[in-house]
Every structure is written in structure tokens, then in C-alpha cells.
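Asker: Below are the chains, spelled out letter by letter.
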Amino acid sequence: MAECGASGSGSSGDSLDKSITLPPDEIFRNLENAKRFAIDIGGSLTKLAYYSTVQHKVARVRSFDYSGKDAEQDHEPPYEISVQEEVTARLHFVKFENTYIEACLDFIKDHLVNTDTKVIQATGGGAYKFKDLIEEKLRLRVDKEDVMTCLIKGCNFVLKNIPHEAFVYQKDSDPEFRFQTNHPNIFPYLLVNIGSGVSIVKVETEDRFEWVGGSSIGGGTFWGLGALLTKTKKFDELLHLASKGQHANVDMLVRDVYGGAHQTLGLSGNLIASSFGKSATADRDFSKEDMAKSLLHMISNDIGQLACLYAKLHCLDRVYFGGFFIRGHPVTMRTITYSINFFSKFDLLEMDRLERPLVNLPLLLDPSSYVPDTVDLTDDALARKYWLTCFEEALDGVVKRAVASQPGSVDAAERAEKFRQKYWSKLQTLRHQPFAYGTLTVRSLLDTREHCLNEFNFPDPYSKVKQKENGVALKCFPRVIRGLDALGWEDRQLALVKGLLAGNVFDWGAKAVSDVLESDPQFGFEEAKMKLQERPWLVDSYSKWLQRLKGPPHKCALIFADNSGIDVILGVFPFVRELLSRGTEVILACNSGPALNDVTYCESLIVAERIAAMDPVVHSALREERLLLMQTGSSSPCLDLSRLDKGLAVLVRERGADLVVIEGMGRAVHTNYHAALRCESLKLAVIKNSWLAERLGGRLFSVIFKYEVPAE
Amino acid sequence: MGTGRLGVPMERPGRASDTSASSAGEPAPEGPDGRRRELLRCRASSESEPPGGASASAECVRRSRPGSCSCAPSVSRQRVESLRKKRQLFPWFGLDIGGTLVKLVYFEPKDITAEEEEEEVESLKSIRKYLTSNVAYGSTGIRDVHLELKDLTLCGRKGNLHFIRFPTHDMPAFIQMGRDKNFSSLHTVFCATGGGAYKFEQDFLTIGDLQLCKLDELDCLVKGILYIDSVGFNGRSQCYYFENPADAEKCQKLPFDLKNPYPLLLVNIGSGVSILAVYSKDNYKRVTGTSLGGGTFFGLCCLLTGCTTFEEALEMASRGDSTKVDKLVRDIYGGDYERFGLPGWAVASSFGNMMSKEKREAVSKEDLARATLITITNNIGSIARMCALNENINQVVFVGNFLRINTIAMRLLAYALDYWSKGQLKALFSEHEGYFGAVGALLELLKIP
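Top line first, the protein sequences correspond to chains A and U.
Sequential numbering from 1 applies to the first sequence in my numbering.
Sequential numbering from 1 applies to the second sequence in my numbering.
Looking at chain A on its own, in the form it has when it is part of the complex:
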């Protein structure tokens, strides 16, 4: 008998990941420049991956040539933004039903203009069957690859590189999904690949694996038998039916056989005694939904059971399930404990993100237990509801901002609309299936939004805003520094901290704020300080920090900066300057790519250069490499300390950083609020969201000032 989930909600999403339906021009993005093709033709679905270059708009910032001339100081804006067509590599993943293969090949042929490739890598059973067709249509030579070798390579690759690629599913636990962070040591494991049939492979090392068994009852059985039973032709429709069905109407359960007595025997009455057992004895019609659900249970249970038997036989305790049958469908996974969800997170992955190694921050106390996100929204229904609504409401603004960022573009409005639809539909999916794209967190919502923007060629909607704000803030810099220098030591320390926080108050999302900023930046900065909560703050360890400052200087501080403009220029730089004056080296880490109005590494270089021209402390520190600007490796408004640019990690270790400063809601509250470090840390943020403030027990603009010293 197999355990089954009779109850359980959360699986009734009605916007399931759809199979591809033609027309294909929506699907085969960036096909013109496809450089390399790989195709996996299974028993029922074709999976196509192509490595293509993308003409991708990037906002580049370029410093004007000052040559130290003072006259240039009045030059506004402070630097140039040029939107360039950058060529980046992307891996695209497309899947479609085999029936469409000919139409798809035709489409590919017609659109494949700029390729010089002569070969297509093909795998899967169908590679043999469709070899001639592919060669004839595409005039490419088909190189057959062994399906398993490909599968294993692919699996190892994603398990190592894509966070949350693997997750644990536990029936009736809350949440039902737990996502795994990447582990360098993934071997040995059992891979259960569920295609039309099921292949079970024992993977021992990167290139040593063995096919140990399989089963003919797989996705094809669900589809084929399901089509016969329900007259429903499409795989996704079948899954949709299943999500609404009650299998107990069709299956013979233990309680049907034992009556009510199963309880006294310590049996669960919900165990299935015989799949479809009732359809044999009851003389009546069964609903399509119930039959589809029963079928799904039957097949999932069977695969799970076989996987367990194989795992036991081969003494393996880790089993990964993959294949199209899984594909982000919670109903499918109900009975399966460990699963891998192939490429469901995004339709396309960017290669460059994967090529550069991302590593742990060496200062993490326990990298294996580090979880960046403060709240798991799959866990916390209330928070989930709030944030999803929040992101929905903000969507109009983001769309407007995106259009405004490309005034010269004829199709900006159209692309922005597509962006809106895509992100909106993702949000709706998440309402019904919180775990549809991996762990759901504020970070994942933010990241997904950035990703969608990128996808529709809005690489940096805030580039102009940031440029302007940097310009005005730079102008104010000398005045702010003069003001600070006039203060006594203790007052100055508080003013510096307030400055850091003030930069955080203003968010370009708030209309009123941006108006003030544009009219009188100096006033804006001062007003921001006024707005700040009076001490004691919501979280307030400032006194401890001040006490610490009276002691010996830190050796090296690692600072993760947040916003462009006032925040980085009038908040972070004066703080950095003070640290430098104390004899502390500073590593200033900024995002590699744009996200919201966060300062990017490229922008930080220009800003630093401009400040150096005004300020001898910064100037000499830069020259002597006591102030180092680094990139984080991330393009997220949040911060994952386990996935940082390797160069940054190396430098942190070399310089022996003993203080980490993280500022901003995204980096210090939504993520890392609970992150434990091996050195002193400072987490600062202003809560600019009344719901969150309330939840934390404070009011809008409450201040978080969290200074932590690790236990000896």
C-alpha cells in the first residue's frame, strides 16, 4: 500500500506552468543569434536549449574627462549614461510537445540567420527518430549525444549552480517545500528522471554514473492513460483536472476494506489499498477530475516507491527527482520527498551569471546554516499576502518608470506592457502556489521583478534618476563634510550614523520625496534626518557602537552600499571617510548590475573619483588602496552573503576584515537580519513600510540600528 495525501491544500493553482503552444515566436526568443543548439527529444516532449547572444540594452556610465579642471565641477550631470547594445550570452530553455516538432523546426530554420554553427547536439530517444528530419530542415549535422550522459551533466550543473534548484517536499508539513541551498558535495545521489518512462541512475562522481533501473510507468502513462480516461488531450489540462479531483472516489482505501476498524489496528484509513479499486466494484460514472487525481497518485506513489527501493539497494540517502513530469507541479510531488525542479524558476538563464564563481563571505559564522532571507513567505501566509499585494500595487509605478527610462524608444510602452503582464502573472501564480518558483521571499520577488525587466530590455530603469541624484548629492558633499567636521567627536559619530540612515529614508518610489529632492537636495537631506525616529530607536545598540568607537580602530571594514545619490554620497562616504581617518581600511562593495536605484559598481567608481577630487582623505585612501571599491557579483536589491563575487571574498580574507556594515531594508532587514558573522557587524535600516514597521512593533520610519559583536 502506498501512502497518499488525501487532504492538503495549496495545490490548486490554476495558473500552472503551461506547455508550449504555438505560435512559437513568443517562445523562441533571441533565436536569430543562436550559437549552439542542443535538443532533447523524449517520448513525448522536446526540450530545446540554445546558447544565444542577446542584443541587450545596457546602461553604461562613463565619466566625463575632467583632467582636474575646476570648470568641469559645474558640469551637470556628473557623468554620461550611454545605453549600449551589449551582447551577452544566454541559455534559453524551451519545451514543446513532440507533435509540434516539425512546425518548430520550420520556425527555427526561418529565423536562424546569424548562426555559423553547423552542428546540433541531440539527445533523447527521439534524436534517433527525428535525426533525418532535423538535418533536412535545419541543414545542421545532428550529433547524437547519449541521453544519460547529458542528463547527468545537466543535473550536476544545476545542483551546483542554481540556488534552490533542489528542494524537499514533505506532505502536510508547513510549508510543504524546503529548498536546498547549494552544496559543493552533491555525490553520491540517485537521480530519478521522470520522462515518458522513468530512468533511475546512480551518480557517483562528476562523470561516473550507472543506469540501475527504470519503470515504464511514468509521465507518458499519466498522459496516455489520462487522455483515454478523461478524453482530455493536453498534459497540463490533465494535471489541472487532477488538482481538482478527489482520488478517494476512485481508489479503494484501507478504510473501504476495513470499515472503521483501521483505527484500532493502527492503520491510516487514507492509505490506498487498491488504485482504481472502486471503479471495478461501483457501477457508476467517475468524474474526470477524480480519475486524473487517482492516476496521478498511482503513478507518483509508484515512482516514489521504486525510488526508495533503489535507494535502499544502493545505500543512497539522497534522491533527486527530475523530468517534465515534475516541472513545478505540486500535485505531482505530493508523494515524493526529494525533488529537483528543472529550470522552472526562469525560462532563461543567463550564462554569465553562472560562469563567474560565486562564493561564501569568509566571515559567515556558519555558512552551512546561513539563510539570507529573514522571512520565508511560503511559511508566513500573512506576510505573503501583504507582500504580494504590495508588489502588485507597485507594478504600475515600475511600468511607468521603465517607459520613462527610455524616452527615445518607440516600443518601450509595448515592452513595458509585456513586462507588466509577465510579472503580474508570476505574482498571481505565487498567490496560488507560493512555492512555484522556489522559496518565496521578498528577495525572490524583487529579484524576479529585476529579471523580468531585463527580459524585456529594461536593463536599468533608474539610470537617469540615479544620474541626476548623484549629481545633486555630489554638489552637496563639501557642505555636508564641512558641517560634520565642525561637530565635536561624539556629535559627529551620531551625525554620521544619522546620515547613513537619512539616505535610507528617501525612496524614489515615493513621489513626494522625489519632488523635494529635485527642488532642494540639501533641504531633502536635512528633512530626512528630521523624519528619523528619535532615539531610542526600534532596535538601538548605538551606545554600544559609540563605546566601541572609543576603542582601537577596526582593521578593515566591509561596507555593502545601498542606494545611489544621497545615500551613498552623503551617507556612506562621510562614514567611510571617518573610518579611514581612524586608520581603518574600507572595502566598499556595490552591486555588479543595476537593481532599482541601488548604486552599481560602475557608478560607485565614478562617484568615488568625483569625491576624491573634492576630498583629500578619500583621495589618498584610494591612491594607497586603503579604500577599495569592489563588486558584489549580484544584481539584486537584497544580499545573499553565500553568493558573492570571488574577488570580493578573496580581498575580505586578505585584508582581514573585522567589521561588516550592511545598510538598507533590502540587505539588512529582508535579508541578513539574522545573519551571524564571525566579526563585528552593523546592520542599519529605516523601515519605510508601515506594515513591516508595525509587524516589528514600530512606526513608519522606525530605525534599526543593530550592532553585534560575536560571542568570544
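Honestly, the hints are just simulated from the structure, not real lab data.
There could be a bad hint or two in this list.
[Said to hold, decoys possible] Simulated DEER-style distance windows between Cβ atoms:
{"no.": "1", "chain 1": "A", "residue 1": "P367", "chain 2": "U", "residue 2": "A362", "range": "35 to 45 Å"}
{"no.": "2", "chain 1": "U", "residue 1": "Q424", "chain 2": "A", "residue 2": "Q421", "range": "39 to 49 Å"}
{"no.": "3", "chain 1": "U", "residue 1": "K422", "chain 2": "A", "residue 2": "V119", "range": "36 to 46 Å"}
{"no.": "4", "chain 1": "A", "residue 1": "S287", "chain 2": "U", "residue 2": "A362", "range": "19 to 29 Å"}
{"no.": "5", "chain 1": "A", "residue 1": "W211", "chain 2": "U", "residue 2": "Q424", "range": "17 to 27 Å"}
Yeah, the Cβ is synthetic: ideal placement off N, Cα and C, and Gly gets one too.
We have chain A; now place chain U onto it with these hints.
Answerer: Just chain U, lined up with the frame of chain A:
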């Protein structure tokens, strides 16, 4: 009222074993009586409780597990001796109430003396005549005449063992018949196993005025199969295997001498499937099971072909071609998939061809029945094989009513086990396929160890 009836001790010497383990001496006539009352009280009280809190009743039943009969927690040697002398009153039944079928074994004594015949009460006689002179009962009850075990000696009595089956949904009619034929006046004990022993217990009591002695399903199964194998099949071997199972012409059913039965993997395919590893007469464990069993085959066949009986489903399957329905390795790879040593004929995806509309339109009901049979059978074979490997057992006995008149499934199991284990595993079958649970229940009644 039921309590009073059952409490009459005098005519039930055979149930001396019902006494508690307290004193190993005399029969203590009120012993069984008191014991019974207590049990009944115990059950009755649990019924008034909400379902969640049926602890008293749970304990009652559990105390006797994994023993034999839930009304007989322990039996002293002396009691067994006395039992054998004063054996159980007729009629001797063993009942196995499964999810789909009820299996009933009935021992017909052939050595009845004239004196006995004289004393035999009318209802008992009528039962004997009714069961032995018919081969069908009502519209659905069937006596498997070909399975009858002749001249069997049980508890010192000589007679024939009859094997009868009827659908579980006719259980109410059966209980009604018991009432009509006034079974309760015989003060017999119904030893019953299978889930239905629990499900219908209350009906037996309230409608038929009969107290069921509920027995553990797997205990009965193991006991039954070992016993039946030991007595043979009217001089022939009970156990058999297939030689050349894949070859329609050369395939032969040959007797197998199960002289070294242990360890044994026992795969019981009823509505669902249970798999047991048996290490000795009273040492066995349930390894696993699957919900894809006979009920799944028949249920899916009903839905796919509109058939109404198991026989019809099998008959259709015998005329069908599953390769039209299933996607084979060769359909995908054009031949064998050599890298993994997968032969082209192996099924890559059960019902895989049915993803295509054209192919769905081209298959017959017979093809679908065949594919369903092949799918379920292969899956059972595969799970059985994995269990055998995990438990390090190389003889696998398949039993259960799924295999009744089901040569296709048996040959496929034989072939699949042999092929995928490279000859290491042997698939064995037994003539009395689905009746072992019922036989085990009968043995419990007679306290045959």
C-alpha cells in the same frame, strides 16, 4: 441478547482455548463464557466512544497480535491436547474477506458415522448439502471444484476441502443467508481474516447473531500457504513454475518442489499487493506493498473497455496487442538501447503511445485490456524483484486471485523476474492462488499450528 447466546458454554468445548492464560489446568466451563463477555463488553464500550478514542478496543485487539485469534490470546499445551480430543464442532469454515472477493474454505467431513449423522442437527446438514451439492451459489458465488482437496485429514477427521468465492459486495446477502439458515444455533465460530473481518464484524453480530473471530491477514496467509504446500494437491505438487515463459510454444508449466521454503518472498496480489519476506514458519515480515494490484487492473479495464467481469477483462486481454498502446524502447531508439542493455521490446512508457490522438483512435479495447494487464504485472514484477534483492531472497512465490486463470500475467512475471535478474530469481506459483488466507483462518479455527 447476543451476549447471552454466545455465553452458553456447554456446547462449545472446542473454544476452551478462549480461556485466559491464568490457570493451565481444568477446562473451567465458565472461563470462555466470562472471557467472551468481557471482550464483548470491551467492544461495546468502545462503540459508544468517539472514533478517535477507541483505546480500550484497540488494546483488546492489539493484545492478541501478532498472535493468532483475537479471542484466544494464549493457549496452553494442555489445552491444545484437550482441544484435539474434543475438536471443534462442525461446520469448519475459514473465511477471508478481501477488498473485492470473499474466499471461503469449507471442510466437508466424509467420515461421518451413522451415529453422528443421526445427531447432526438439521441446519448443519443443510449447510453441508447446500455447499457440496452445488458449484454455484446465487448469481455470484462459485465453488472452484478443480481446486477441491480430497481425502484430507484435518484434526483426525477425513474429508474434502472446498474452495468457494464470491464478491465482497455480496457480503450482506451472505450474512443474511447465515441468518436464514440459522447458523447461530450451531454455536460455531467463524474465523475470518481480511479487512472485511473488521468491516462486517458488526453486521455478523447484529444481523446474523454471529461472533466473528478476527484473525490477522498476514498470519493466515503465511500459515495457509505453508500448510497447503505441505499437503500437496491431490497427489500433485502445489507449487509450480514456468519453463521458457516467453515462448508460446515451448512454455511449460512444471511442478516445483518447495523443499527448502525459506527464505521466501511471498507476493500476494489481491486488489492491492502485499509483499512478505518469510524466514521460517513463524518469522516473517511485511516488506512493502503497492496499491497497483488486481483491483487496479480490473478497475482500469472497466473504465477503458466497459467490461464487467474479471474473466471478461482477461479474455479481452488475451486477444489484444499491448505494443499498440505502450511505447517500447524500440519505438524511441529504433532498436535496443545498448548502452544500458535495454532490449527494444522492453516497455519504455506504459500507455505512452496513447499520448497521440491518432494512435488512441487506432487501438481496440482488447489492446487496452492487454496493456493494462502488462503494465500492472510488470510493475508488480519490478517491485517484487527489488524487494527480493533488498532482502537477499531468490525464490519468489506469487499468490492471490489476480493470478486466477491469468496465465499471461504469470508467464510475464516468470519471464520478467528471470530476465531482469539474469536468472538469479525464480518466480513460483501455487495452484490455490487466492485461498491461502481462508485456509489460514480455518487452521486457526482448528488450532493447527
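Asker: Give a verdict on every hint.
Answerer: A quick look at each hint next to the structure:
1. P367/A to A362/U: 35 to 45 Å: 58 Å Cβ-Cβ, so the 35 to 45 Å window is violated.
2. Q424/U to Q421/A: 39 to 49 Å: For Q424/U and Q421/A the Cβ distance comes to about 59 Å; the hint is violated.
3. K422/U to V119/A: 36 to 46 Å: holds, 39 Å
4. S287/A to A362/U: 19 to 29 Å: The hint (19 to 29 Å, Cβ to Cβ) holds, given that S287/A and A362/U are roughly 27 Å apart.
5. W211/A to Q424/U: 17 to 27 Å: holds, 18 Å
In summary, the structure is inconsistent with hints 1, 2 from the numbered list given earlier, while agreeing with the others.
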